[in-house]
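Peer 1: On the provided structure of chain A, position chain B as indicated by the hints.
Note that the protein sequences, when read in sequence, are chains A and B.
Position 20 of the first sequence, counting from 1, maps to 24 under this note's numbering, and the rest follow consecutively.
Position 302 of the second sequence, counting from 1, maps to 284 under this note's numbering, and the rest follow consecutively.
By construction, these hints were calculated from the structure, which means they are not laboratory data.
Bear in mind that the values here come from a model prediction, so they are computed numbers and not experimental data.
Among the clues, some could well be false.
Listed below are the simulated DSS-like cross-link pairs for lysine-lysine, each with C-alpha atoms no more than 25 Å apart in a straight line [what the hints assert, rightly or not]:
hint, chain 1, residue 1, chain 2, residue 2
1, A, Lys10, B, Lys81
2, A, Lys32, A, Lys16
3, A, Lys116, B, Lys218
4, A, Lys135, A, Lys163
5, A, Lys10, B, Lys245
6, A, Lys116, B, Lys81
7, A, Lys135, A, Lys10
8, B, Lys237, B, Lys174
Incomplete in silico selection of chain A near chain B, CB under 8 Å [as the list claims (entries may be wrong)]:
hint, residue
9, Arg72
10, Cys76
11, Gly87
12, Pro120
13, Arg126
14, Leu129
The calculated label-pair distances, taken between Cβ atoms and stated as ranges, are [as the list claims (entries may be wrong)]:
hint, chain 1, residue 1, chain 2, residue 2, range
15, A, Glu114, B, Thr(-9), 38 to 48 Å
16, B, Glu32, A, Gly77, 34 to 44 Å
17, A, Lys163, B, Asn225, 45 to 55 Å
18, A, Gly112, B, Asn120, 16 to 26 Å
Glycine included, every Cβ here is placed at the ideal spot set by N, Cα and C.
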Amino acid sequence: MANPLKCDLCPKPATVHLTQIVNNKVHKVDLCEECAQAKGVTDPSGFSLADLLLKASLNPEPVAAGVRCEQCGFTQADFKKHGRFGCPHCYETFRGVVEPMLEGMHKGSEHKGKVPRRAIERRSLYERLTKLELDLTEAIKTERYEDAARCRDEINQVKQAFGQTPAR
Amino acid sequence: MTIASLIDTPSELTDSSSSKTAIVLMTRIRLARNLAGTAFPGWAKSAQREEIFETCRAAVAGTAPMKRSLNATIAELSELERQILVERHLISRELSGAKAGAGLVISKDQAYSVMINEEDHLRLQVLRSGFQLKKAWNSITELDSALEEQLDYAFSPQLGYLTACPTNLGTGMRASAMMHLPALVIAGQMEKVVRAVNQLGMVVRGLFGEGSDASGSIFQISNQTTLGEAEEEIIKRLGSVLNTIIEHELNAREKLMEADAGKLFDKMGRAYGILQHSHLLSSGEAMNLLSLIRLGIDLGIYPEASRAVVDRLFIEAQPGHLQHAQKGEFEPGQRDLLRAARLRGEFANFARPDFPFMNDGKN
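Chain A on its own, in the form it takes in the complex (with noise of 0.2 Å):
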């Protein structure tokens, strides 16, 4: 059996498919109960499906359709249908879906709790190496040794403080 459909707004399976033609273009809109419910869309003399559109087209920066995640392939099309997406990075690609998403989902968009700070760490000394070993290269090619005596110091020390978080 295909898998339902997923609700435009929410995870949850859509049971509300909504049609409607503007300036003779097809717009298609699934819903789940509740957030049909909350958009007014079963009170037919209140709703406008050009709401639901509009919001859509407030986003931080629209989707195109056919999107691919650069990082693993996923489309906006298997979202709908897994309701699960495919890799971090796809949070980047999809900004424009799931930020109007988190509205009703959550109770703020922001992150308030724990942070993974070794982490974040490791990686600012790793971005931070990265581009000591590129200066000193530089420096070497140049002929500047004091700089490059300098960023060989450096590039230890940076060296000892990884060693403190290894990485994985």
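Peer 2: Quick look at chain B alone, frame taken from chain A:
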């Protein structure tokens, strides 16, 4: 540690005897975590899933709480072993049916369990008997921080820990309590409680999670949202909801006793009789009878020490545990016979009810 010895060791849940467990049987917190730059388990190719599994297994098994832990792939476990782990709340039903490259690490005392490649790369869980949200949080955040030394988690400053499903973004935390609420069920107030709890942003489910029924009047209450609040705030909010529910349950008990103690005692006395003498018990009926006995313990009709026995039986009356105790195959039709026999055995030596003096209409 082997799966056989783990199964034969009472778990954190089945061996509790603290009086703190009167209404809240157990507290559980789980954290969803994923590796940076790696496809989520549902999207990863099978070779990649194997790789993720090995990376996570090594990191998890190396942490202090997981010293001498059990670790296994799902494929290594028999169907019965998986079912027993589900009945003990150590793994989810989803994991027990997962494809290759999924597995688990469970601590020796069964307080910690980590699922690998379920919906997320890592699902860390800690389980404590009784109402111990803060203690549970301290334990799980410690395990999480230890893992962070080894693994690069997928994290965004704005969205927090990145999870396969957007409903778990942010803290990736689900804190839950398993509550025994017989008086609210008898008084028909559960529906009202569920609605009120939902409005406070918490969810009520049955004993075995989503879609399961609430046999035995046991419910799981957990936070619904994970983004926009710090872990401590969520826990504080959940804690106050739980305290309110406890208060309502205690009030409902008092009212039942005031209104018609005779009727309540009759239910508890009959439950005792059936558990001692019946020959066919379905899982649902057994759970409901045990629930009445447990209520009797809280009301002082049976000794406090019996609560641990009832809590153990809640688990051991489940099909997987019954089959394991029986050692060997049996027909599904025999299950109710076996369950009744098991409970008859346990209740043959169970303390007799000590009902307070009742005015039976004389004088």
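Peer 1: Let me make sure I understand: some of the numbered hints might not hold for this structure. Which ones are they, in numerical order?
Peer 2: Hints 5, 6, 7, 9, 14, 16 are the ones this structure does not satisfy, whereas the remaining hints hold.
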